[in-house]
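J.: Sequence:
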Amino acid sequence: MVRGSVGVIFGETGTLDFKLLVSDSTAVHRGAYIKAWHETDGWVLAQVLSITRSSDSFTLEEAKSGQRKDKSDDRIVAEATVIGTRDSEGMLRSPVIPFSPGDLIYVADEGLIRSVLGLSGEDMNIGLLEGTSIRVQLSVNSLVQKHCSILAKTGSGKSYTAAVLLEELLDRDIPLLILDPHSEYASLKVEAPEDAEAFKKFGVTSKSYADRVTVYTPASKAINPGADELFRLNGINLTVKDLTSIFPENFNTTHTGILYEAIQKLRAEMETYTLEDIIFAVSNDKSKARWNVISMLESINETGILSPNPTPIEALVRKGRAAILDFKGVPPDMQSMIVSQICSALFEARKLDRVPPGMLVVEEAHNYAPEKGFSKTASTDILRTIASEGRKFGLGMMVISQRPARVDKNVLSQCGTQIIMKVTNPNDLKAISKGLEGVSSYVEDELMRLPPGVAMLVSNDIERPILVDIRIRKSKHGGESVNVLKAAKAKGPAPAPEVATKVPVAKARETHVPTTHVPTTPVTAKPPVQVEAPPVQEQEQPTSPPPKRQPSRPPRNEGGKLFTRIFGSGK
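For what it's worth, our numbering labels the leading residue of the sequence shown as 316, then goes sequentially.
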């Protein structure tokens with residue numbers, strides 16, 4: 316063979332695929348990019364899909380002894396798929412005439428790979444093309460405007476990959492609002508440990524984003540001491556829809572009617588009212604069902620999420636800043652309500668140009684936008700709306716999930732960029748292959764074999780799915796798994812169980828029980844079981860309306876939109 320060639324085409328050929336006899340096994344492997352000279356189209360890019368090795372002279376005696384004397388006659392055959400070449404107008408074309416048996420095959424050069432695959436982005440450095448030193452860069456506009464999804468089984472590196480993208484977006488001053496249920500992204504504030512070899516490989520340096528990241532908690536500083544600020548929703552002049560969206564499954568038509576009547580009376584009597592006022596008004600209702608309504612309203616009040624001084628949406632979405640909403644210590648149903656309210660306010664604010672264009676990051680998206688048939692949450696509808704209409708207003712969304720089959724297909728189908736890491740669940744593989752563009756059976760097989768840190772990138776800007784070795788993070792990774800064995804050794808053996816006896820107070824003080832103060836009132840309380848029963852002796856309710864109260868609060872804004880009603884004006 317000609318010097319520099321790594322194989323030759325043989326056998327039956329076509330315009331979309333061919334077989335080659337490999338002469339250099341070190342240069343040709345599964346997934347390798349190769350090129351062949353075509354008589355009419357010039358250099359054409361192809362990729363090796365499979366490769367086999369066989370020998371006709373390997374004798375039975377050699378097999379029994381487990382030794383081979385001569386491997387020089389081994390036959391290495393690879394199957395390749397044709398990607399194509401660019402024409403004079405820059406369009407990707409595949410040959411219309413089959414390749415000729417005997418045509419030589421060469422290793423593809425970086426320029427041809429970049430040109431044909433469409434790796435022309437110059438903004439975001441997310442890693443290297445697997446098996447090469449070619450840097451993979453994405454367009455910020457394409458990623459944000461056309462949405463992005465990161466899908467993988469747990470432990471495959473989806474949160475790590477998401478943080479890499481967030482670092483790139485922060486470096487370009489893109490506003491970020493991150494919904495973080497597992498306290499993983501606050502580590503953006505900490506510089507990554509030095510790893511000179513890895514940093515040099517990917518062309519990055521360690522960096523802290525502490526001056527750009529603010530962590531908010533809907534709970535309290537006692538539950539989430541790492542948070543920077545408290546997050547609160549507006550507790551003034553709440554509507555029936557605001558309250559029923561918190562526990563939608565606990566309110567039936569009777570409860571909603573009682574609540575509606577109480578709020579209408581308050582509106583007629585008062586310029587501003589609070590949740591306590593609503594509870595007082597409901598207590599004057601004559602229906603026995605009022606006790607269930609009062610119980611649910613008090614459960615909401617105990618969470619402390621409602622406040623006369625809510626967190627304005629303008630404080631959360633700012634140029635070059637990332638706001639992390641850390642849901643540590645918040646029950647799932649309350650999380651869904653908060654996500655619904657904050658996303659609705661964000662969408663309305665963006666439509667009115669109250670906040671700059673940016674990206675909404677939804678971690679564990681299957682909990683907030685579940686597929687039909689699994690569950691229904693308060694946040695599903697608004698996330699569907701942002702996925703389908705957010706592009707018009709410069710509001711992008713990053714969807715992250717370890718269960719693709721359980722994420723709403725209307726949301727996933729709107730993602731123009733998909734980053735998929737190792738997936739083995741058959742239902743998830745089926746959902747990926749059916750719901751995402753450019754995913755074939757070959758891609759499904761690859762997804763089951765991907766090592767941690769390697770992702771398959773499917774994008775409208777790239778001609779076919781490619782494998783990317785995701786770059787190292789500039790900031791510290793916050794999603795590491797707990798080393799159970801190490802923690803057990805550090806703690807030592809568990810003490811023997813003690814007999815349940817009454818210990819004197821003086822003796823109890825001598826023990827090593829932590830003395831940290833624990834709030835007596837739970838921060839997040841779930842509504843009790845609904846029982847349609849009044850107290851043992853119900854007193855006759857007064858027929859006259861409650862005395863009119865005039866609280867010294869500013870008048871409510873009758874024309875306010877959803878975001879001003881929930882988050883305030885921000886003034």
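The hints are simulated quantities; they were obtained by calculation from the structure and are not laboratory data. Take the hints with a grain of salt, since some may be wrong.
[Stated by the list, open to error] Keeping only pairs whose Cα atoms sit at most 25 Å apart, straight-line, the calculated DSS-like set for lysine-lysine is: (1) K461 to K749; (2) K516 to K749; (3) K791 to K536; (4) K468 to K791; (5) K666 to K461; (6) K634 to K666; (7) K516 to K556; (8) K461 to K745.
[Unchecked claim] Simulated DEER-style distance windows between Cβ atoms: (9) S523 to T469: 37 to 43 Å; (10) T355 to K522: 22 to 28 Å; (11) P741 to K601: 53 to 59 Å; (12) S703 to G470: 53 to 59 Å; (13) S703 to D371: 55 to 61 Å; (14) T587 to S728: 42 to 48 Å; (15) D371 to G426: 36 to 42 Å; (16) S703 to N599: 41 to 47 Å; (17) A511 to T554: 55 to 61 Å; (18) E586 to S728: 16 to 22 Å; (19) T520 to P540: 47 to 53 Å.
Every residue gets a Cβ at the ideal spot worked out from N, C-alpha and C, and that includes glycine.
J.: Should the hint that T587 and S728 are 42 to 48 Å apart at their CB atoms be regarded as holding?
T.: About 43 Å separates the Cβ atoms of T587 and S728, which means 42 to 48 Å holds.
J.: Taking 41 to 47 Å as the hint, is the beta-carbon distance of S703 and N599 inside that range?
T.: holds (44 Å)
J.: Measure nothing beyond the straight line between the CA atoms of K791 and K536; if it is 25 Å or shorter, mark the hint as holding.
T.: Holds, at roughly 23 Å.
J.: Given the hinted pair K634 and K666, is their alpha-carbon gap at most 25 Å?
T.: The hint holds at about 17 Å.
J.: Straight-line Cα separation of K516 and K556 no greater than 25 Å?
T.: Cα-Cα ~53 Å, so violated.
J.: Run the distance test for K461 versus K745: straight-line Cα separation, threshold 25 Å.
T.: holds (23 Å)
J.: With respect to the beta-carbon atoms only, verify the hint that S523 and T469 lie 37 to 43 Å apart.
T.: Given range 37 to 43 Å: violated, Cβ gap about 27 Å.
J.: In this structure, is the beta-carbon distance linking S703 and D371 contained in 55 to 61 Å?
T.: For S703 and D371 the Cβ distance comes to about 59 Å; the hint holds.
J.: For the range 16 to 22 Å, tell me whether the beta carbons of E586 and S728 fit it or not.
T.: violated (46 Å)
J.: Using the C-beta atoms of T520 and P540, is the stated range 47 to 53 Å upheld?
T.: violated (30 Å)
J.: Is the straight-line distance between the alpha-carbon of K666 and that of K461 25 Å or less?
T.: holds (17 Å)
J.: Just to be careful, I want the Cα atoms of K516 and K749 compared with a cutoff of 25 Å; is the pair within it?
T.: Given that 25 Å is the threshold and the Cα spacing comes to 36 Å, the pair is violated.
In this structure, the hints that do not hold are numbers 2, 7, 9, 10, 12, 18, 19, in rising order.
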